[in-house]
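There are 2 protein chains.
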Amino acid sequence: MIEIKKINDLNYSEQKNLFHRYGKDYTSVMDSVIPIVNDVKENGDEAVKRYTKNFDGVEISKLVLTHQEIEKGFNRVPAKILDAFIMAKDNIEEFHLHQKPKNIAYTRDDGSRLGVIYQPVEKVAIYAPGGKAIYPSTILMAAIPAIIAGSSDITVITPPCEGDVVPDIILAICRIVGIDKIIVSGGAQGIAAAGFGTQSISKADIIVGPGNLYVTAAKAYLFSLGLIQIDSMAGPSDVMIIADEGANPKWIAFDLLSQAEHSEDAFSILITTSSQIAESVKEEISKDIETKTGRYEIVKKSVTENGLILLADSLEQAIEFSNRFAPEHMELMVSDPDSYLPKIKNVGSLFLGHYSPVAVGDYFSGTNHILPTGGTARFSSGLSVDSFLRRTTYQHLTGNALKTAMEPVGIMSKVEGFDSKHGGSIYVRYEEDQPDAG
Amino acid sequence: MIEIKKINDLNYSEQKNLFHRYGKDYTSVMDSVIPIVNDVKENGDEAVKRYTKNFDGVEISKLVLTHQEIEKGFNRVPAKILDAFIMAKDNIEEFHLHQKPKNIAYTRDDGSRLGVIYQPVEKVAIYAPGGKAIYPSTILMAAIPAIIAGSSDITVITPPCEGDVVPDIILAICRIVGIDKIIVSGGAQGIAAAGFGTQSISKADIIVGPGNLYVTAAKAYLFSLGLIQIDSMAGPSDVMIIADEGANPKWIAFDLLSQAEHSEDAFSILITTSSQIAESVKEEISKDIETKTGRYEIVKKSVTENGLILLADSLEQAIEFSNRFAPEHMELMVSDPDSYLPKIKNVGSLFLGHYSPVAVGDYFSGTNHILPTGGTARFSSGLSVDSFLRRTTYQHLTGNALKTAMEPVGIMSKVEGFDSKHGGSIYVRYEEDQPDAG
Chain B
1 MIEIKKINDL
11 NYSEQKNLFH
21 RYGKDYTSVM
31 DSVIPIVNDV
41 KENGDEAVKR
51 YTKNFDGVEI
61 SKLVLTHQEI
71 EKGFNRVPAK
81 ILDAFIMAKD
91 NIEEFHLHQK
101 PKNIAYTRDD
111 GSRLGVIYQP
121 VEKVAIYAPG
131 GKAIYPSTIL
141 MAAIPAIIAG
151 SSDITVITPP
161 CEGDVVPDII
171 LAICRIVGID
181 KIIVSGGAQG
191 IAAAGFGTQS
201 ISKADIIVGP
211 GNLYVTAAKA
221 YLFSLGLIQI
231 DSMAGPSDVM
241 IIADEGANPK
251 WIAFDLLSQA
261 EHSEDAFSIL
271 ITTSSQIAES
281 VKEEISKDIE
291 TKTGRYEIVK
301 KSVTENGLIL
311 LADSLEQAIE
321 FSNRFAPEHM
331 ELMVSDPDSY
341 LPKIKNVGSL
351 FLGHYSPVAV
361 GDYFSGTNHI
371 LPTGGTARFS
381 SGLSVDSFLR
391 RTTYQHLTGN
401 ALKTAMEPVG
411 IMSKVEGFDS
421 KHGGSIYVRY
431 EEDQPDAG
Chain P
1 MIEIKKINDL
11 NYSEQKNLFH
21 RYGKDYTSVM
31 DSVIPIVNDV
41 KENGDEAVKR
51 YTKNFDGVEI
61 SKLVLTHQEI
71 EKGFNRVPAK
81 ILDAFIMAKD
91 NIEEFHLHQK
101 PKNIAYTRDD
111 GSRLGVIYQP
121 VEKVAIYAPG
131 GKAIYPSTIL
141 MAAIPAIIAG
151 SSDITVITPP
161 CEGDVVPDII
171 LAICRIVGID
181 KIIVSGGAQG
191 IAAAGFGTQS
201 ISKADIIVGP
211 GNLYVTAAKA
221 YLFSLGLIQI
231 DSMAGPSDVM
241 IIADEGANPK
251 WIAFDLLSQA
261 EHSEDAFSIL
271 ITTSSQIAES
281 VKEEISKDIE
291 TKTGRYEIVK
301 KSVTENGLIL
311 LADSLEQAIE
321 FSNRFAPEHM
331 ELMVSDPDSY
341 LPKIKNVGSL
351 FLGHYSPVAV
361 GDYFSGTNHI
371 LPTGGTARFS
381 SGLSVDSFLR
391 RTTYQHLTGN
401 ALKTAMEPVG
411 IMSKVEGFDS
421 KHGGSIYVRY
431 EEDQPDAG
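Chains B and P supply the protein sequences, listed in that same order.
Take the first sequence: its letters are residues 1 to 438, numbered as in my numbering.
Take the second sequence: its letters are residues 1 to 438, numbered as in my numbering.
These are computed hints drawn from the structure, not numbers from a lab.
Any given hint might turn out to be false.
DSSO-like mimics (lysine-lysine), calculated; alpha carbons at most 30 angstroms apart, straight line [said to hold, decoys possible]:
no.	chain 1	residue 1	chain 2	residue 2
1	P	414	B	72
2	B	89	B	72
3	B	250	B	292
4	B	403	P	292
5	P	41	P	181
6	B	100	P	102
One chain only, chain B, in its complex shape (with noise of 0.2 angstroms):
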């Protein structure tokens, strides 16, 4: 059961267990990932659906669905369904609706005209875990802000479930934001066919979406090739939890259990001042795990290997311990949060106050969940707008502008052995011959 420590009494390798809990060794993935990867490249759609049946047991007829069946399958799920996914989309359009960056643009007084240009990155493919699990928000989070980026063209990859067959909720969610292709092939060979192109599958100059370790492997080479971008490396979930003695134990009990439901590996720690909190967190976790409903075995050792609940000796304390933690999610269960906002670093996302627990993020509020895992907060953000744009710089100067770097452009790039032309290429303009390098 899960336990409770004071942060004073964690010793150096319970530190480091926690705050370095980045990275399984790809190595030994990536030998089994590159051959599959390089034969796709190959071998195109006969690799794909060759590992598809090898792997998942499928033989699948068409490797990529269209607007035919993602109708079809649209139109058999419940309307009451539909409704939830249509309001959390709603939501989901707004807050990314934000985040559209202008471009940029300047006048110097020599007359040179400066700026940045933003423009989506074309070809986006996301990827849906399958499996037991569907993920259809996951789709509504990917495909939202890369359609508001501008992104023309969209395709899911996801492996088939039983039989030849995409789950109706998966194509529902597809007909909903306008994506009309789906790879129906999973793993390391989806990536890969995305990757690469195939016969039937167009090229994607990005993938993202959360996948297993194969998945993620598969994009991370792709990526060190220089042929797409992707999203942050996935690893296991996270939630930390931070409480003052004026929160409500059985919500944040149920807070930390719906983050111990995703998985054995995810996180779910609280850090709190109050000890009385501390031993009533505890108690409901118990009690609610003892009436073994839902997931409560994947529950119960979820929160007993990677459960915590830690005893700060002050807010500032537990904010420090988070700071070095980098959560992938974060709640501050405390009152007035927003005075702690100038103090807290690295953080995916953060829930304020006791009416924001992190599912209503994880569907509905509007924030993105495809956020950065495994301490990569510290470096990475979650899933934007600006994830499927590219930026270009420009400039446009002046006769008068270029003559005044004339004579700096030529030190500069003799002092980097370009001895000739960097510099005589602004020399040439004038007539002139670039001096020695003195």
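Starting from the known structure of chain B, fit chain P onto it as the hints suggest.
Coordinates of chain P only, in the frame set by chain B:
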């Protein structure tokens, strides 16, 4: 010597070589790099010094140079050289200050507050290649956006030159931008030292800057472990010049030559609608190489193997070709270049008009010269203030707003197999039981 061809006459394999110029296969390099990285992880400073001795033939006494050594180097650089770099620094600062994004915050009708907070990635390492060529300008290009983003801890990684020495100009540039830590060790071992941290080197969260194949492989490997963020994969540099009949052939020739001056594998490509321009540029290039001055041997090999003059039927065809090539640098030497902007895609940095040669962007105009190579401009961007920022999304829902979300979240989470606690964590706040799945 550089060849002239018609775009219409390029066969499939010629097109493929140009459009798919990404990616050496890193597999074999990775096999050398991973043991080095793991050795540094295990053995820290001792391993870094050992590899530097083996690979660079240099026994370094101190792995990290600090303030005093940097100050001394700065004092040895002639004022004229310093002045040139300082003028460049001012322009680079001006350009990048325009890139600083504003936080996003808004309130919904139901009282919920949502937004995005931008924060700096705190610990930055900049790789500056060494050996025969040195690139102090690259330190400006990486350090200035990081400083504007607010990164607090910036380190330079650079291999030692002859003797246990870092060139004065590198030290001086560090002094100018305020960097006071230099790791005197390059290659995979330098990257690993910054990626993991060692006894004398603090761990970085992001490592940027171009390097050779081993440096790039080490960066990609550490990225794949979820340890660091990196900029895009570095490959050979390229320029695409689009010129109409009004352009000056000698200026074009020098701009192509300045690209070829970089390295033998650099791509220097002109597309023109004028066969007269094509012929004249070819002649100017030949004439210049025959002078046998500067780096003419590198230049000759570069333009012969990777240079190309293409004839296009129209500027539209030229731009469409460039969009597929996705150049790092594009010069548009045509009348009224602005009118073509809406059609241009997938460019790292754009040089408009007749007085904007790439060399002025390399050093002086203010745009960043760390740009996407190898066609990665299709999905990635040059270094910018954004590269050193992370985003935290947040949501602060009111009790009423969460209640509205209760039913849809319950429905959606059950669809995804989270039967119990995702919806439950909302229902519990209203002391309601979650209904069974519909």
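Hints, one by one, checked against the model:
1. P/414 x B/72: Satisfied, since the Cα-Cα distance of roughly 22 angstroms is no more than 30 angstroms.
2. B/89 x B/72: Between residue 89 of chain B and residue 72 of chain B the Cα gap is close to 21 angstroms, so the pair holds against 30 angstroms.
3. B/250 x B/292: holds, 17 angstroms
4. B/403 x P/292: holds, 27 angstroms
5. P/41 x P/181: holds, 20 angstroms
6. B/100 x P/102: Roughly 12 angstroms between the alpha carbons, so the hint for residue 100 of chain B and residue 102 of chain P holds.
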